[in-house]
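Student: Listed here are the chains, written in short residue letters.
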Amino acid sequence: MSTDVGQASGPAPAAGARPPRARRQLPVPYLLLVPSAVFMALLFGWPLLSGIMEAFQNPRGGFTLANWERMAGEPRFWEAVRNTLLLTAVVIPIQFVFALAMALLLHAKPKFAGFYFYVWAVPLAISDLAAGLVWLSVFTDLGYLNSVLVNLGLAEHGVSWLNYQNPTSLFLTVVVAEVWRATSLVLIIVVAGMQVIPKDYDEAAQVLGATFWQRLWHVTLPLLRPSLQVALILRTILAFEAFAVAQALTGRNFPLLVGETYEWSVNLQNRAVASAVALVVLGMSMVVAVIYLRALRQPDSVGGAR
Amino acid sequence: MTTVASRPIRVADVELPPVDTAPLRRLRRRRALLQVACIAVTLFMGFPVYLITLAAFSSRQTLNAFPKSLLPSAISTETLNAFLSSTGVLPAFLNSVAIGIGTLALALLIGAPAGYAIARFVFRGRESYQLLLLMTRALPIVVLSIPLAQVFLTAGLYDSVLAVVLVHAALSLPTTILITASVFVSVPRDVEEAAQLFGCTRFEAFRRVVVPMALPGIAAAAIFTFVLSWNEVLAAAVLTLNNRTLPAQVLTSLSDSPLAFRFAGGFALVVPALLFILLMRRYLLNMWGSTIR
Amino acid sequence: MAEVRLRNLVKTYPGGTTRATDDVSLDVEDGEFMVLLGPSGCGKTTLLRMVAGLDLPDSGQVVIGGRDVTYLPPRDRNLSMVFQSYAVFPHKRVRANIGFGLQMRGMSRDKIAEKVRWAAELLQLQPYLDRYPAQLSGGQRQRVAVARAIVMDADVLLMDEPLSNLDALLRLSFRAELKRLVGEIGTTTLYVTHDQVEALSLGDRVAVMREGVIVQCDDPITVYDVPASEFVGGFLGSPPMNFLSGTLAGTNGTVELDLGPEGTRLPAPASLATFRGKPVRAGIRAETIGVSHEQRPDAVRFVVEVFEPLGSAVLITGDLGGQRIKVQAPASFRAEPGDELWLSLECDSLRWYDPDSGVALVGAS
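Note that the protein sequences, when read in sequence, are chains Y, E and X. Counting from 1, position 104 in the first sequence corresponds to residue 104 in the numbering used here; the numbering is continuous, with no gaps. Counting from 1, position 197 in the second sequence corresponds to residue 197 in the numbering used here; the numbering is continuous, with no gaps. Counting from 1, position 230 in the third sequence corresponds to residue 230 in the numbering used here; the numbering is continuous, with no gaps.
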């Protein structure tokens, strides 16, 4: 491993100061990193701090909790919280089971596996807005699902899936669209994770008498744990941010937290409250990340590696 | 002619039971079921894309009809034309393209050197830097976009292509850095050092030797960034008013637009995805594997 | 405990052009330790995997204990296996690893504990039972793999190059231990290796494979001493068997091997009289050649090219009648490049092969 000399002298010397050596040593790695570090500080760090401050400020700049009160006072807010949590709680398990099943199907190396993988991975690159619109064409009153139902004679005029008077159905359509869209991400992660597992383990388990389900439970899943952990954290945090799906499918009838920040920010022109809602999302994400890290911590199998 | 004989492998001349083909039949049946399951999943994943394409290429008549046929009856570009000529759509489309390209250029410009640094050097803070990158990926964009709108307003950048490029580049930067890092790691160090031995400066060695070998991986990172930017809805919608991107344009006109508009919009947003996955499917697993580690 | 009978096994891997195993038949008797030996790509691992059920043959039959298992999944064959990479589950403790197979079969926890204790004792793993594999050395992990296999009390024990990942010293010591262990337990064993020393040391019989075919299957001494082909002679033994090209000549009752222009002649058995005038190849092992600085009757002239002291013996490479061979001499023997030595090659030690096919000539002993 070539260790460039920059590190020997500790953190990059302050501009102007020269290390008292015969040769001038460029802290090359730090130079390469500086643009990205600066960029991220400006575009991640600053807005983050700014947002936190904004949530607690009144228009004159003083500290206030009024924004939070305003936010909590809206019944739509609590609806959005409930919907977001519910959506996430329902979609995540479905996605993971589905993605795992798909990965196992691919792992069995069927014919045309390459084609299947392509089709199954396509939703990966589809934004949640586009996903919502795609399923809109299916679920809308004059859409394809109702067309099929009517053609098959199962219904007279079809079901009004997206009717706001039918909250369960609204919820289900959003669930379907979200599962459809975001399962690909988990699929890729699981497949990548499976590929790294040497097939010797599974073969040894086979010879030792394990059935398919026993192998899955005792060998495959434990070895997939690190991949699954990362996937869970990323997916859950992303799930909290879903909003365009619901807007595309249901308009304003299914409030979600990020949708509310959008409303507050753009339509109601109240950035302070929007920041407050955004911080709620941030808080939820962090709590969830900590819970996952705790719950899925590896047992003390030193390094956990082979 | 020489007569030779090899020592034959002697096996006992015993009566052996017939070959039991039942397990083989079970196996074949299971593989058939496997195909059926795969086809079912493929239908679920692929059919909606087919439907939106169908919708986008249906005439207004067909779209208003009910029940709709699942088969293409009369392919018409009426809906798509209407969509593209709607106010703001074409400019939004061009904006998205420009922003996408700008984002990938900026992200690579800033991110590739950082990726190179992580790949080739061992320095204090390397681990923490990588941890920081992973953490920023977990940060919800919503938390950044709202304050950034204010920041850009004061900076006079609000509602500009540049603003969105900056945000998108920031969003894709962590992933770009991690992907390019793994790409550079896969380029053997010896080749670079050999070039330096033969008289290249460090930068020349990088340019002549490393870049060609790393190009496919970097191309993958570039396309990934482009698609990320193309699909991004929230920040684009929050940060722009008149210079919208395509998703932002579609989003903001959702409530006012006819169904046909929305279907065509959905299709327009989906097309790059299809192309992207087609091009990138070999790299997909490598890319995700590298960013997870 | 069971015998294994393989009949006409053919397998070609998808995408492959040649057969991995080409109509292979073999019998492994009950309690026998059979070694499959050959260079990489010869089909030995393929054969083992078909016995295990991890790969299925294109045609042919596998019978274990009188029961046809050709297409049965591995778990129904009552086998156990030790893998080259050990495949010890990294997320389970040693105890759980060893007892894994028993756990899968639904044995009660007490019985599992008892059997695990027995296997751990046999392999000296008691102090490590509660550790994770990552905390063990390679050699210890290998013991865990072996313990996990023998605890199953299976009909047949399969081993795929289990020693090849160990360092040389460990390999030597564990080889002896393995032989003793398997001998004690007495299970029918099928062992794959590319290391010919391992094969000779461990096997009751050695099946030498090449390009998908078994070319010889005999006890180690016969395989070493009476190779069925030039390939076998060259593959076994260190150094490999020497091969000399020549024409059979001789008058009246005698048969001789004429090595060429220098007129060097070696004795040949009378049974080869019918091959007089034909080209032939003679094989002889380095250690069976007598060597001396003094010319003795019937000795042939040999010029030293390289002298290598090996510690326990010396290896001399040189020219015999225009052909290069290696000769082994006692450790005290000395010679220098350019020296003239005299070699005594016994007719009994010579093995005869057809120059085109490399196969042993029948009747010539």
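In case anyone wonders, no lab produced these hints; they're calculated from the structure. Some hints here could point you the wrong way.
Said to hold, decoys possible - If you want the ones that stay clear, here's a sample from chain X, every Cβ over 10 Å from chain E, calculated:
| no. | residue |
| --- | --- |
| 1 | 7 |
| 2 | 56 |
| 3 | 105 |
| 4 | 118 |
| 5 | 323 |
| 6 | 326 |
As the list claims (entries may be wrong) - Each computed DSS-like pair below joins lysine-lysine, with the alpha-carbon atoms no more than 30 Å apart:
| no. | chain 1 | residue 1 | chain 2 | residue 2 |
| --- | --- | --- | --- | --- |
| 7 | X | 115 | X | 92 |
| 8 | X | 115 | Y | 199 |
| 9 | Y | 199 | X | 326 |
| 10 | X | 179 | X | 111 |
| 11 | Y | 199 | X | 92 |
| 12 | X | 115 | X | 179 |
| 13 | Y | 199 | Y | 109 |
| 14 | X | 92 | Y | 109 |
| 15 | X | 92 | X | 111 |
| 16 | X | 326 | X | 278 |
Said to hold, decoys possible - According to the in silico footprint, chain E covers these stretches of chain X (three or more CB under 8 Å from chain E):
| no. | stretch |
| --- | --- |
| 17 | 20–31 |
| 18 | 60–70 |
The beta-carbon is built from N, C-alpha and C at its ideal position, and this holds for glycine as well.
Student: Which numbered hints turn out to be false for this structure?
Tutor: Numbers 1, 2, 9 - these are the hints that the structure violates, sorted from lowest upward.
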